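Student: Listed in order, the protein sequences are those of chains Z and U.
The first sequence begins at 1 in the UniProt record's numbering and counts up one residue at a time.
The second sequence begins at 1 in the UniProt record's numbering and counts up one residue at a time.
Some hints here could point you the wrong way.
To be verified - Facing chain U, according to a computed beta carbon distance under 8 angstroms, are these residues of chain Z, among others:
1) 91
2) 95
3) 99
4) 116
5) 119
6) 122
7) 125
8) 136
9) 137
10) 139
11) 190
12) 280
13) 283
14) 287
15) 330
To be verified - Below, a sample of chain U positions facing chain Z; criterion: calculated Cβ distance under 7 angstroms:
16) 96
17) 99
18) 119
19) 134
20) 192
21) 281
22) 284
23) 302
24) 326
25) 330
26) 337
Quick caveat, the hints were computed from the structure, so don't treat them as lab data.
Predicted model, so just to flag it, every value in this text is computed and none were measured.
All C-beta atoms in this analysis are idealised placements derived from N, C-alpha and C, irrespective of residue type, glycine included.
2 protein chains.
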Amino acid sequence: MKTYSIVLLLCLLTPYLGNAQENFIFKKAYDLKVLGRVSEDTSHFQRIDSADLQNLPPAVQRYAKFSAGMNVVFKTDSKSIKIHWKLKKMNTLWNMPSVAVNGIDLYGWNGQEWQYISSGRPNSEDNQMIMVENLDGKMRNYRIFLPIYAEVKDLEIGVLEKTTLSPPDTALVPSSKIAIYGSSITQGIAASRPGMAYPSILSRRLDFDFINLGFSGSGKMELPIADLLAKIPAQLYILDCVPNTLPEQVKDRAYPLITRLRMLKPEIPIIMVESVKREISNWNSAMYTRVNGQNDEYRKTFDKLVAEGYQNIYYISTSELMGDDHEATVDGTHLTDLGFMRISKTIERYIKDSIAPLQ
Amino acid sequence: MKTYSIVLLLCLLTPYLGNAQENFIFKKAYDLKVLGRVSEDTSHFQRIDSADLQNLPPAVQRYAKFSAGMNVVFKTDSKSIKIHWKLKKMNTLWNMPSVAVNGIDLYGWNGQEWQYISSGRPNSEDNQMIMVENLDGKMRNYRIFLPIYAEVKDLEIGVLEKTTLSPPDTALVPSSKIAIYGSSITQGIAASRPGMAYPSILSRRLDFDFINLGFSGSGKMELPIADLLAKIPAQLYILDCVPNTLPEQVKDRAYPLITRLRMLKPEIPIIMVESVKREISNWNSAMYTRVNGQNDEYRKTFDKLVAEGYQNIYYISTSELMGDDHEATVDGTHLTDLGFMRISKTIERYIKDSIAPLQ
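Can you build the whole structure from these sequences, using the hints too?
Tutor: So, in structure tokens, the structure goes:
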């Protein structure tokens with residue numbers, strides 16, 4: 001009884017390391033189904049293939065290698081699932097847990113929705129962890145979400161000997177894509193774990209492959225991003241790229257960006273998302289004036305596009321994004337899971353409205 | 001214009017360091033109003049004074065020195081507020097941001113409620129940060145929340161020369177206390193920042209001084225905690241101490257704990273809170289059996305107390321705590337801000353119901 005107690009105690013408050021005696025057979029994750037990449041014909045775990053990065057700013061080129069929004073879907077009847085993931089480097093952010101920066105999340109399809117199972121704790125550049133055991137052994141579909149702020153060098157899924165590990169049921173593989181272009185908030189800073197970045201929440205709730213093109217400190221509406229976006233065969237583009245773009249940059253860049261994207265993709269709806277309102281601007285009068293200028297310029301761009309007859313362009317105001325209790329961020333700027341759940345629900349509604357006329 | 005752009009850019013995505021030329025006058029925080037401590041007659045920033053720790057388990061003695069739930073209230077007409085906080089040691093958790101472990105939060109009274117202003121980023125054991133500037137210079141009340149998982153050695157509030165810094169308006173100092181005894185979840189792992197632990201959320205929403213007696217990996221219903229709880233002149237006791245207590249421990253300890261507390265405090269209501277349901281138990285059949293036993297034993301204790309005629313004891317089921325989307329935790333066990341907001345709303349309702357008959 002003593003031993004039982006100690007084992008349970010360890011289970012409760014430390015990550016679950018599982019039974020070391022079991023033998024796992026590993027398969028490379030890119031032999032299963034990898035979602036969330038611009039280019040699918042690659043074995044790299046980076047959002048944008050290096051060949052497509054040439055005309056983009058240096059920061060975007062660097063962050064594009066981080067696996068934000070990428071996820072792997074598979075099915076197995078194994079009673080235990082182990083993940084082996086290697087990072088180029090463990091990164092650290094002051095406003096985000098290491099498990100979101102460097103770790104992984106496991107979800108399972110419960111017959112109706114993707115349900116959270118467990119999180120993979122990062123300890124070093126080379127991590128192995130039994131994510132779950134004592135499953136019932138039925139064939140089920142699973143999905144893992146990759147690190148938000150680290151570069152994944154290798155990723156393997158392990159299942160018990162004499163069980164099956166294969167690509168997922170085709171019904172659970174989205175046939176259409178949605179691309180979201182934005183800042184660190186889009187990338188997923190400061191989610192608590194990889195699956196809680198808002199594009200990843202949406203990817204579980206809606207039948208689309210979401211391509212996360214959020215870049216920390218970047219996403220500044222440079223014109224070449226229009227060509228990259230157009231390269232993605234998306235059913236919808238979401239432009240959440242105001243937070244790092246100065247008011248005069250929004251004024252100069254938003255209209256060329258959107259009209260070029262519209263020229264390259266005449267039929268595809270576009271959702272423009274204002275910047276979340278920074279909490280400090282409610283107190284610091286100088287910040288209030290500066291920050292509001294960004295959204296003002298974005299709104300003017302939208303009004304101009306509408307006045308010129310552009311159609312299928314939707315606009316989400318900052319007032320709809322974060323709730324009204326001022327508690328949705330970790331630092332006044334970056335949404336926590338509380339904020340990400342709120343922004344997800346709003347954007348989900350707009351996605352449905354913008355896609356509906358086409359279906 | 002170039003300089004302006006660079007300044008704005010730095011403001012947007014780095015912590016706001018403010019204007020170095022301003023001269024700040026500092027005052028020790030314990031000369032203002034410190035809330036969240038069992039013993040008020042001390043200049044230490046620890047929840048339980050060392051003299052009161054003797055009969056408690058070693059882990060509780062250790063964690064009691066962490067400033068979880070402690071907060072300082074003051075008023076000033078300064079246009080800038082700077083905080084200087086010294087830690088014994090910077091700590092690291094894999095499932096929680098450093099700003100929640102080691103940092104601070106600033107809130108301001110907006111006339112109706114405590115509203116978030118900014119977070120203090122921890123960089124070392126000795127941190128100074130301008131939390132806000134360009135305030136309007138009106139006399140206002142402010143409140144800072146201290147680190148959840150670190151020991152604060154010293155804390156000073158700085159305001160600009162020729163301005164006032166003093167204890168807060170008496171109307172904003174609660175005259176009654178609520179004590180919450182529990183696990184790491186009560187302590188506040190894995191809030192995104194100090195103010196988002198659920199006892200701290202409640203302390204802003206309700207006019208009580210909340211004493212956070214949550215202890216990571218502990219809170220196992222040892223009998224001496226009843227005497228410590230009874231020492232606090234509380235209007236309500238909340239017992240959220242199931243998560244780390246094994247089923248057989250709950251069976252052995254819950255009844256003696258609660259009946260002793262009731263004997264020492266015959267009139268004070270008690271709210272018993274079940275453990276949050278661990279997400280892994282929905283998948284791992286062995287964990288399901290083990291974890292459910294904890295709440296089953298707690299419920300049996302409640303039923304026994306009711307059958308024996310004990311009154312003013314309230315009970316919150318696990319089904320009311322986390323929502324039903326399985327997204328409220330960082331690791332299957334520890335609530336994120338999303339989960340903390342949900343559990344706060346439920347417990348707030350029970351607090352109002354249990355206090356109402358006495359008022």
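Student: Each hint: holds or not?
Tutor: Cross-check of the supplied hints:
no. : hint : result
1   : 91   : 13 angstroms, violated
2   : 95   : 5 angstroms, holds
3   : 99   : 5 angstroms, holds
4   : 116  : 5 angstroms, holds
5   : 119  : 5 angstroms, holds
6   : 122  : 7 angstroms, holds
7   : 125  : 15 angstroms, violated
8   : 136  : 7 angstroms, holds
9   : 137  : 10 angstroms, violated
10  : 139  : 15 angstroms, violated
11  : 190  : 6 angstroms, holds
12  : 280  : 6 angstroms, holds
13  : 283  : 5 angstroms, holds
14  : 287  : 7 angstroms, holds
15  : 330  : 4 angstroms, holds
16  : 96   : 5 angstroms, holds
17  : 99   : 5 angstroms, holds
18  : 119  : 5 angstroms, holds
19  : 134  : 4 angstroms, holds
20  : 192  : 4 angstroms, holds
21  : 281  : 10 angstroms, violated
22  : 284  : 4 angstroms, holds
23  : 302  : 22 angstroms, violated
24  : 326  : 5 angstroms, holds
25  : 330  : 4 angstroms, holds
26  : 337  : 4 angstroms, holds
Violation of the numbered hints given earlier is confined to hints 1, 7, 9, 10, 21 and 23; the remaining hints are satisfied by the structure.
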